[in-house]
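*Asks:* Take the given structure of chain Z and dock chain S to it, following the hints.
There are 2 protein chains.
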Amino acid sequence: MLREPAIEPRSEPRQEPRQEILRTAARLFQQRGYDATSMNDVAAALKLSKGGLYHHFESKDEILFHIMSHAMEITEERVINVVRRIDASSVAGAEERLRMLIRLHIQVVLSPEDREVTVMLHENHPLPPALRRKIIGRKKDYLHFVENLVADVQRKRSSQSLVTPRAAALALVGMINWIYQWYKPDGPLTGEALVVQYTEIFFRGAVG
Amino acid sequence: MLREPAIEPRSEPRQEPRQEILRTAARLFQQRGYDATSMNDVAAALKLSKGGLYHHFESKDEILFHIMSHAMEITEERVINVVRRIDASSVAGAEERLRMLIRLHIQVVLSPEDREVTVMLHENHPLPPALRRKIIGRKKDYLHFVENLVADVQRKRSSQSLVTPRAAALALVGMINWIYQWYKPDGPLTGEALVVQYTEIFFRGAVG
Numbered sequence: 001m002l003r004e005p006a007i008e009p010r011s012e013p014r015q016e017p018r019q020e021i022l023r024t025a026a027r028l029f030q031q032r033g034y035d036a037t038s039m040n041d042v043a044a045a046l047k048l049s050k051g052g053l054y055h056h057f058e059s060k061d062e063i064l065f066h067i068m069s070h071a072m073e074i075t076e077e078r079v080i081n082v083v084r085r086i087d088a089s090s091v092a093g094a095e096e097r098l099r100m101l102i103r104l105h106i107q108v109v110l111s112p113e114d115r116e117v118t119v120m121l122h123e124n125h126p127l128p129p130a131l132r133r134k135i136i137g138r139k140k141d142y143l144h145f146v147e148n149l150v151a152d153v154q155r156k157r158s159s160q161s162l163v164t165p166r167a168a169a170l171a172l173v174g175m176i177n178w179i180y181q182w183y184k185p186d187g188p189l190t191g192e193a194l195v196v197q198y199t200e201i202f203f204r205g206a207v208g
Numbered sequence: 001m002l003r004e005p006a007i008e009p010r011s012e013p014r015q016e017p018r019q020e021i022l023r024t025a026a027r028l029f030q031q032r033g034y035d036a037t038s039m040n041d042v043a044a045a046l047k048l049s050k051g052g053l054y055h056h057f058e059s060k061d062e063i064l065f066h067i068m069s070h071a072m073e074i075t076e077e078r079v080i081n082v083v084r085r086i087d088a089s090s091v092a093g094a095e096e097r098l099r100m101l102i103r104l105h106i107q108v109v110l111s112p113e114d115r116e117v118t119v120m121l122h123e124n125h126p127l128p129p130a131l132r133r134k135i136i137g138r139k140k141d142y143l144h145f146v147e148n149l150v151a152d153v154q155r156k157r158s159s160q161s162l163v164t165p166r167a168a169a170l171a172l173v174g175m176i177n178w179i180y181q182w183y184k185p186d187g188p189l190t191g192e193a194l195v196v197q198y199t200e201i202f203f204r205g206a207v208g
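Going down the list, the protein sequences come from chains Z and S.
Here our numbering is used: the first residue of the first sequence is 1, the next is one more, and so on.
Here our numbering is used: the first residue of the second sequence is 1, the next is one more, and so on.
Treat the hints with care, since some could be wrong.
In this list, chains with the same sequence are indistinguishable; a pair is considered to hold if it fits within one copy or across any two.
[Said to hold, decoys possible] Under the rule of at most 20 angstroms between Cα atoms (straight-line distance), these lysine to any residue pairs were calculated in the SDA-like manner:
| # | residue 1 | residue 2 |
| --- | --- | --- |
| 1 | LYS184 | ASN124 |
| 2 | LYS140 | PRO185 |
| 3 | LYS139 | PRO188 |
| 4 | LYS134 | ILE80 |
| 5 | LYS184 | GLU147 |
| 6 | LYS184 | ARG133 |
| 7 | LYS60 | GLN30 |
| 8 | LYS184 | GLY137 |
| 9 | LYS184 | THR164 |
| 10 | LYS184 | HIS144 |
| 11 | LYS184 | ARG103 |
| 12 | LYS139 | TYR180 |
| 13 | LYS60 | PRO126 |
| 14 | LYS140 | LYS184 |
| 15 | LYS60 | SER38 |
| 16 | LYS134 | GLU76 |
| 17 | LYS184 | TYR142 |
| 18 | LYS184 | ASP141 |
| 19 | LYS60 | ASP35 |
| 20 | LYS60 | THR37 |
| 21 | LYS139 | ILE179 |
| 22 | LYS47 | GLN31 |
| 23 | LYS184 | LEU143 |
| 24 | LYS60 | ARG32 |
| 25 | LYS60 | ASN124 |
| 26 | LYS184 | PRO126 |
| 27 | LYS60 | HIS125 |
| 28 | LYS139 | ARG103 |
Since the hints were made in silico from the structure, they are not lab data.
As the structure is a computational prediction, the values presented were derived from the model and not from experiment.
The shape of chain Z in the complex, shown without the other chains (with noise of 0.2 angstroms):
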């Protein structure tokens, strides 16, 4: 759905230029403002002509929602599908599930390469409205899907926690998704770190 093989000769990047310009456009967007980038702007910094960047995308809105669909995309990919290959039959396996989701999403999160677009996620320029259903809609189905593993967990354990699994899945995402406005490569807490600690409080808190 992402890419687009190239039909004829061309100066665009030739393997999977949309891509390409969801990485580029997402980079210039976080250092100079949404707004404050053009579309002039994203096509110079891929060496396309103003009518080779419309080619792909018809407007800078079009632009933020692909980025943030792909982002939506990654985080479906490496979060939820490894996830759901976890038997989940077991208490184990459930706890196992919601361990991992802990992990991996907070591994999207820290990601280098994926960074530039997932951050883009937080952006709150407002999109045309038809768009933002789209992306609260992805959103959304993210946030059931952790509250149905948080759900399962403690009903295998017979919990007796006073945390309905909506609040603790609003908590651990909040608790993950911040993560981008202060983590550093180079800061005294490493991602594995994180993953512990946020593990422990999560289950701790919330699983009962």
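*Replies:* Frame of chain Z; chain S shown alone:
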């Protein structure tokens, strides 16, 4: 600091004109996006001349900086100053400080009248480095305050928790600040339910 007395009659709002400018600008920034809002738009919404607006703020970046500073002042006054008044010499006192911080920080995030200002703390627009550093400094001060509260409770409880005060503080600030992304006043999770459940997650999970 945010007040400026009206010296001569003018068409500008007479009471706390700077605050009114900041609130109106914050609302416009959220509705239309920061970069898509011009100084002309801000002046028009306030029924100010462009000169009248520039009399108070030299640039849009200066307005954004002062909105963010004001948001930090609100947080410091409503959270830190109240929490500091609680005697923390006993275990129960130290715990009460932390409980109160969670409650008050959530209240600031949910407050309808402050929301238009406080949500701007999450605006991704890159401020000029000197202004940016000042805001980051205040955010760090807040984080250290939380970290110290956690360390104090862990110490007084002789906690064996694996969770460091720093990771705990980052997780807490993340889960609370993230609320602005999904909270609806008429949604199923009330503010009070949020306070109770987030307090439960944090105390069980991070304090040990």
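*Asks:* For every hint, state whether the structure bears it out.
*Replies:* Hints, one by one, checked against the model:
1. In this assembly of identical chains, LYS184 and ASN124 lie within 20 angstroms of each other by CA distance solely across copies; the values are 17 angstroms between and 22 angstroms within a copy.
2. For the identical chains of this complex, LYS140 and PRO185 are inter-copy neighbours only, at 17 angstroms across copies versus 29 angstroms inside a copy, given an alpha-carbon limit of 20 angstroms.
3. For a Cα distance limit of 20 angstroms, the shortest separation of LYS139 from PRO188 across copies, 18 angstroms, qualifies, whereas the shortest one inside one copy, 30 angstroms, does not.
4. Taking CA atoms no more than 20 angstroms apart as the test, LYS134 paired with ILE80 passes inside one copy only; the shortest distance there is 18 angstroms, against 39 angstroms between copies.
5. Taking the closest pair of Cα atoms, LYS184 and GLU147 come within 20 angstroms of each other only across two copies (18 angstroms); inside a single copy the shortest separation is 29 angstroms, beyond that limit.
6. Taking the shortest Cα distances, LYS184 and ARG133 sit within 20 angstroms of each other only across copies (16 angstroms), while inside one copy they are farther apart (32 angstroms).
7. In this assembly of identical chains, the alpha carbons of LYS60 and GLN30 lie at most 20 angstroms apart whether taken from the same copy (14 angstroms) or from different copies (18 angstroms).
8. For the homomeric pair LYS184 and GLY137, the shortest alpha-carbon distance between copies (16 angstroms) is at most 20 angstroms, but the shortest distance inside one copy (30 angstroms) is not.
9. Within a single copy, LYS184 and THR164 get their C-alpha atoms only as close as 32 angstroms, which misses the 20 angstroms cut-off; across copies the closest is 17 angstroms, which meets it.
10. Taking the closest pair of Cα atoms, LYS184 and HIS144 come within 20 angstroms of each other only across two copies (17 angstroms); inside a single copy the shortest separation is 30 angstroms, beyond that limit.
11. Proximity of LYS184 to ARG103 under the C-alpha cut-off of 20 angstroms is restricted to the intra-copy arrangement: shortest distance 18 angstroms within a copy versus 29 angstroms between copies.
12. Proximity of LYS139 to TYR180 under the C-alpha cut-off of 20 angstroms is found in both arrangements, the shortest distances being 17 angstroms within a copy and 14 angstroms between copies.
13. With identical chains, the CA atoms of LYS60 and PRO126 are at most 20 angstroms apart both within one copy (12 angstroms) and between copies (19 angstroms).
14. In this homomeric assembly, LYS140 and LYS184 come within 20 angstroms of each other (Cα to Cα) only across copies, at 14 angstroms, whereas the closest approach inside a single copy is 28 angstroms.
15. Proximity of LYS60 to SER38 under the C-alpha cut-off of 20 angstroms is found in both arrangements, the shortest distances being 8 angstroms within a copy and 19 angstroms between copies.
16. For the homomeric pair LYS134 and GLU76, the shortest alpha-carbon distance inside one copy (15 angstroms) is at most 20 angstroms, but the shortest distance between copies (37 angstroms) is not.
17. Only between protomers do LYS184 and TYR142 lie at most 20 angstroms apart by alpha-carbon distance; the minimum there is 18 angstroms, versus 26 angstroms within a single protomer.
18. With identical chains, the CA atoms of LYS184 and ASP141 are at most 20 angstroms apart between copies only, with a shortest distance of 17 angstroms across copies and 29 angstroms within one.
19. Within a single copy, LYS60 and ASP35 get their C-alpha atoms as close as 9 angstroms, and across copies as close as 14 angstroms, so both meet the 20 angstroms cut-off.
20. Taking the closest pair of Cα atoms, LYS60 and THR37 come within 20 angstroms of each other both inside a single copy (9 angstroms) and across two copies (17 angstroms).
21. Taking the closest pair of Cα atoms, LYS139 and ILE179 come within 20 angstroms of each other both inside a single copy (17 angstroms) and across two copies (14 angstroms).
22. In this assembly of identical chains, LYS47 and GLN31 lie within 20 angstroms of each other by CA distance solely inside one copy; the values are 18 angstroms within and 34 angstroms between copies.
23. For the homomeric pair LYS184 and LEU143, the shortest alpha-carbon distance between copies (15 angstroms) is at most 20 angstroms, but the shortest distance inside one copy (26 angstroms) is not.
24. For the identical chains of this complex, LYS60 and ARG32 are neighbours both inside a copy (14 angstroms) and across copies (15 angstroms), given an alpha-carbon limit of 20 angstroms.
25. Proximity of LYS60 to ASN124 under the C-alpha cut-off of 20 angstroms is found in both arrangements, the shortest distances being 14 angstroms within a copy and 17 angstroms between copies.
26. For the identical chains of this complex, LYS184 and PRO126 are inter-copy neighbours only, at 17 angstroms across copies versus 28 angstroms inside a copy, given an alpha-carbon limit of 20 angstroms.
27. Proximity of LYS60 and HIS125 under a CA criterion of 20 angstroms is satisfied in both settings, with 11 angstroms inside one chain copy and 17 angstroms between copies.
28. Taking CA atoms no more than 20 angstroms apart as the test, LYS139 paired with ARG103 passes inside one copy only; the shortest distance there is 18 angstroms, against 26 angstroms between copies.
Hint compliance for this structure: no hint is broken.
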